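Line by line, the protein sequences give chains A and B.
Number 127 in the working numbering belongs to position 127 of the first sequence; there are no gaps in the numbering.
Number 78 in the working numbering belongs to position 78 of the second sequence; there are no gaps in the numbering.
Keep in mind that a hint or two might mislead.
As the list claims (entries may be wrong) - Label-pair ranges, simulated between beta-carbon atoms:
id: 1; chain 1: B; residue 1: LYS198; chain 2: A; residue 2: GLU173; range: 40 to 46 Å
id: 2; chain 1: B; residue 1: MET174; chain 2: A; residue 2: LYS171; range: 34 to 40 Å
id: 3; chain 1: A; residue 1: ASP196; chain 2: B; residue 2: ARG120; range: 47 to 53 Å
To be verified - Partner residues aside, some chain A positions facing chain B, computed with beta carbon under 7 Å:
id: 4; residue: ALA27
id: 5; residue: HIS29
id: 6; residue: GLU159
Treat the hints as calculated values from the structure; they're not laboratory data.
From a predicted model like this one, the values you see are computed outputs, not experimental measurements.
From the three backbone atoms N, C-alpha and C, an ideal C-beta is built for every residue, glycine too.
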Amino acid sequence: MKIAVAGKGGAGKTTVSGTVARALARAGHSVLALDADANPMLGVSLGVGPEQTELLLGVRQGVEAGEVEHEPTVEGMVERFGADAPDGVRLVVANRIETENPGCQCCGVSPDQLLRELEDGGRTVICDLEAGLGTVLRLAPGNADVVLVVANPTAKALEVARRAVAIAADKTEVIVLANRVRDDADLEAIAAAIPDRELIVIPEDATIARADRDGLAPIDLDPYSPGVQALVALADRLAGAPVPA
Amino acid sequence: MVGKGGAGKSVISGTMARVLARDGSRVLALDSDLLPGLSLSLGAGPDPPEPPLREAAEKDEDGRWRLKKGIGPVRAVRRYATDAPDGIRLLQCGKTPREGLEPIMGAVNAFYRVVHRLERARTFDDWALVGDLPAGPRQVAFGWAPYAQTFVAVVQPTAQSALAARRVVRVARMREGARAVLVANRVTGPADVRHVEKLVGESVLAAVPADEGVARAERLGIAPIDHAPASPAVAEIERLVAALAGG
Ligand SMILES: Nc1ncnc2c1ncn2[C@@H]1O[C@H](COP(=O)(O)OP(=O)(O)OP(=O)(O)O)[C@@H](O)[C@H]1O
Ligand SMILES: Nc1ncnc2c1ncn2[C@@H]1O[C@H](COP(=O)(O)OP(=O)(O)OP(=O)(O)O)[C@@H](O)[C@H]1O
Ligand SMILES: [Mg+2]
Ligand SMILES: [Mg+2]
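Chain B extracted, bound-state conformation:
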């Protein structure tokens, strides 16, 4: 999930993960944002003060971070991912603490290494992997989501959001074998959808409505799918999941 800051990446990725899990998929949710987001939208509560993945990393003789011996992607997910509702496993790179990045650098490095090995681990072949990336094109450009077959660019009906989506989609499509699709968020009607499509220059795969239930859930820090399961926004994200599965 990619896009401008505040576009709705965490809301949509968290809800998508829940929908996939309820549909019977094994789901690994991957949170590479150093700021809070996915855990709350997923319904897994606030982020842990220390990233469990820190345990997976050690420094080599030159002071560079590496995964501890014997820890591959499967073991990393088994040991250091946490449980989220509906049987989802959540792997996080950690959140920036007050003291600075130093306490989480091990986890951040471990996360980067683990996601680069996910593809080779056959275990995850039949899992659904849902990644929530931070705002902007940075992580897409630097390969933080090598597992992604599809980049979903979330875009609101605004000029800035469309500019961000165009940029990030361009970078995502430079990656071999990856496709990028657009999802409009916070639309108030068909005119908003047309506005998004005109600004970005391509059509959207889904259009998630601006939804008071989602807004309330987010103010309270509850997962939209728990707070407003019957909301139009959740229904549209269900349709998005079906559309993505349809290829």
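Looking at chain A on its own, in the form it has when it is part of the complex:
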């Protein structure tokens, strides 16, 4: 199964991706976590730590530096540039922008390409997208089995989530996550903006906030906190979900 996670900047995409990846791995699944943000952070929420996350080489940079043979396969690149994260999750960073004029992003290995070409092959691929709608727009049916759209109860985040749902629903299954919900009013605000859809509620959670403050994975800080539990339940559901043919 291939899962992509989308939403406004700061909505909680990386928190969701990292925690769901860890929960799936703990439940015995083989998990590949693909960081498709050019500002890669997924290592932090997976529990690799900020320093280690900073050392991970992007696949694109690795290929450009001539670290692989000609015509590397996607699997070969994942094998070569992936890193191990806790619970056996395999973490791959697609691309990092860290210099001025980093070269044409249309050429070379792209996050879109990795998501498109990776076969799930019995494992679960979970892909943390860059903020915005870029990859969701370029997604073709079959590139992802499920898109998780992360919404927050703010006017801006809801506008982005609404558009992401509309764009992704034409191509694949969409699950909307109502993240950082503090009370009924928050949930109602999200339900009003994205009507007629089931909302998976992830409450505002001090453990999740605390974890990012200290650069830890939420699931390592407290696997039983309400927010982490909601994400573990989501992972169970995703694992049990029939994969669309």
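Once you've looked at the hints, dock chain B with the ligands against the given chain A.
What follows is chain B with the ligands alone, placed relative to chain A:
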């Protein structure tokens, strides 16, 4: 304004623009994010369904976008910027519509060309230009804010936010003649400020408190400066404006 997703770039740039305008500056607010943000925080309401700048662009014989004849930065701002409160002019590259990027590509291209010509237009010499960039280092690296003398990296007291700030500040400082400063956002006290400074490895120019008034304004889609003008966060952004003007 640069930084991690959700760091508070739009809140701070929108409020800064308002403070500058109220202090008597002519202000051009530049929104190069394809997602909603600046217009709401500025108090200019929701984004227009179609970017006015689209009118400024046409395709050449090879199908490449260019500015229409006779449209330079001054005319582009006069015609295609919209009015925001306190006399601010707001120029936007447009927001991603459902149908995809195609309908806004003209405006996006026009925006890129206009910002690259702002510096040569003497008209703007005594204006304050405030740009709200999308999350991450991408636009800084690709030169979407060539007008910037100062990059303000907004950072929350978290590991990810600090990592993003460090990365974006590094890229910004590769640009000739540009400086980069740090502003902490959503701090709950001096310990948070120290935490940010330790994580990023340098001191901050201002520390905007976590503010219930700002949070409420943002839930409602109202400008923080209109909804909570006397809030501690707005007061700190006023101090930030003064500190930046001080050089
Ligand atoms: N349910 C929650 N409760 C409390 N804090 C949360 C919750 N979800 C996310 N956060 C916090 O919000 C911040 C942003 O989350 P995260 O980094 O996952 O967002 P993102 O969508 O990946 O952002 P970006 O667009 O920068 O990639 C983090 O500090 C995180 O700890
Ligand atoms: N000082 C503050 N106090 C309380 N809440 C704040 C503060 N600053 C920002 N926020 C909250 O954080 C949210 C994100 O802020 P904002 O939209 O300005 O971030 P951004 O960096 O522009 O995000 P994006 O990367 O999506 O453009 C706001 O909607 C608001 O809820
Ligand atoms: Mg992220
Ligand atoms: Mg913004």
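Now for the hints, and whether the structure bears them out:
1. B/LYS198 - A/GLU173: 40 to 46 Å: Hint holds: Cβ distance 43 Å, inside 40 to 46 Å.
2. B/MET174 - A/LYS171: 34 to 40 Å: With Cβ atoms ~38 Å apart, the hint holds.
3. A/ASP196 - B/ARG120: 47 to 53 Å: 51 Å, holds
4. ALA27: For A/ALA27, the interface hint is violated, since the closest Cβ of chain B sits about 25 Å away, which is over 7 Å.
5. HIS29: 25 Å, violated
6. GLU159: Where the cut-off is 7 Å and the nearest Cβ of chain B is about 5 Å from A/GLU159, the hint holds.
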